[in-house]
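Undergrad: Residues per chain are reported as follows:
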Amino acid sequence: MHELPIMEKILKIALRHAQANNVTKIVAIKMQIGRLSDLEEEWIQRYFNYLSKGSPAEGAKIEIEWMPIVMRCSNCMKTYEADRKNMTERVCPSCGGKDGSLLSGKEYYIKEMEVQ
Amino acid sequence: MGEIKLIEIKEEILTDNNNAAEELREWLKQNKTFLLNLMSSPGAGKTSLIMNTIRALKDRFRIGVLEADIDSIVDAEKVASLGIPTVQIRTGGFCHLDAFMVMKGLDAFDLSKIDLVIIENVGNLVCPAEFDTGAFRNAMILSVPEGDDKPLKYPLMFSVCDVLIVNKIDYLGLSDFNMAALYERVHKLNADITIIEASCKTGEGTDSWVNWMDVQMKNFLYGKEPDNER
Numbered sequence: 001m002h003e004l005p006i007m008e009k010i011l012k013i014a015l016r017h018a019q020a021n022n023v024t025k026i027v028a029i030k031m032q033i034g035r036l037s038d039l040e041e042e043w044i045q046r047y048f049n050y051l052s053k054g055s056p057a058e059g060a061k062i063e064i065e066w067m068p069i070v071m072r073c074s075n076c077m078k079t080y081e082a083d084r085k086n087m088t089e090r091v092c093p094s095c096g097g098k099d100g101s102l103l104s105g106k107e108y109y110i111k112e113m114e115v116q
Numbered sequence: 001m002g003e004i005k006l007i008e009i010k011e012e013i014l015t016d017n018n019n020a021a022e023e024l025r026e027w028l029k030q031n032k033t034f035l036l037n038l039m040s041s042p043g044a045g046k047t048s049l050i051m052n053t054i055r056a057l058k059d060r061f062r063i064g065v066l067e068a069d070i071d072s073i074v075d076a077e078k079v080a081s082l083g084i085p086t087v088q089i090r091t092g093g094f095c096h097l098d099a100f101m102v103m104k105g106l107d108a109f110d111l112s113k114i115d116l117v118i119i120e121n122v123g124n125l126v127c128p129a130e131f132d133t134g135a136f137r138n139a140m141i142l143s144v145p146e147g148d149d150k151p152l153k154y155p156l157m158f159s160v161c162d163v164l165i166v167n168k169i170d171y172l173g174l175s176d177f178n179m180a181a182l183y184e185r186v187h188k189l190n191a192d193i194t195i196i197e198a199s200c201k202t203g204e205g206t207d208s209w210v211n212w213m214d215v216q217m218k219n220f221l222y223g224k225e226p227d228n229e230r
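These protein sequence lines map, in sequence, to chains A and B.
Residues 1 to 116 in my numbering are what the first sequence lists, from first letter to last.
Residues 1 to 230 in my numbering are what the second sequence lists, from first letter to last.
No wet-lab data here; the hints were simulated from the structure.
Any given hint might turn out to be false.
[What the hints assert, rightly or not] Taking beta-carbon pairs under 8 Å as the criterion, some of the chain A residues facing chain B (in silico):
no. : residue
1   : T88
2   : C95
3   : S104
4   : K106
5   : K111
Computed from a predicted model, the values in this text were never measured in an experiment.
C-beta atoms are modelled at their ideal positions from N, C-alpha and C, and glycine is treated no differently.
Same shape as in the complex, but just chain A (with noise of 0.2 Å):
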């Protein structure tokens, strides 16, 4: 729903490298998206390509490694992955413990671009 807010400001941090990089094109930029985020993939490159029309980032791909969800177990405090799909139905898999925090899965990382 908010891909738009997203891209604008993935837009702006790539244009802002490439600028301070003397680069003219952006082929890919690879990102890290936690897997709790609601953005769907399609719908990323899309905004994007939308978004970076007639800019240096036109025509460039997002690539994504999408980022597990790591929760702790408020039991014995162990950290484990969660799957996003059955994530109120999981139980810790140390002590079988069934409430835990979130610690990670909603991060937006860019981590790097390709450019010519």
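Let chain A serve as the given structure and place chain B on it in line with the hints.
TA: Relative to the frame of chain A, chain B by itself:
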């Protein structure tokens, strides 16, 4: 085609907003104004809860309301009818508020005369969860007619909130809403969350909510500083 080079970026894209939210919290601490971010889906009862909160707490604290709405002012008019300073932010199609929008909205208040600002965020369980508004506490409402399965669908929202108000409990007899299942699902996502069952219509549970709010306010104004949320 020229040679392809790699440029390292290493930037979290929400850093700007997260920094702005931290600055805002710092400034509000100095100013002694507590900021509460209230989120829910449309129609869950945000405006009703705010009106009940104002009625219960207006003699104890000076309250202001920051209303976010995509394009209407009906909620702001309702709240303002209680004689409370109300600022309307039209998000113009934006599905959430971020710290920058909140800062701009707060500019319209005389904060030296306000102890508590309640943000009524855009009705939406997806986007507002991702953006730190600068609030000290995040609250959300889930209403009984929405169903007990919402934590399955919107896990992030339930993960980032400090308190969950289960509203419209007067509908419980009419639905197959399973309260025990809801508690279990929510605690799996967020073991530290406080859950309050209430009905803004009948007033049931309002006391628990008002007490929770009162504790937050007293800790903030006279006691220990609240932890930064998230």
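Undergrad: Each hint needs a verdict: does it hold in this structure or not?
TA: Structure-based check of each hint:
no., hint, result
1, T88, "4 Å, holds"
2, C95, "13 Å, violated"
3, S104, "11 Å, violated"
4, K106, "6 Å, holds"
5, K111, "6 Å, holds"
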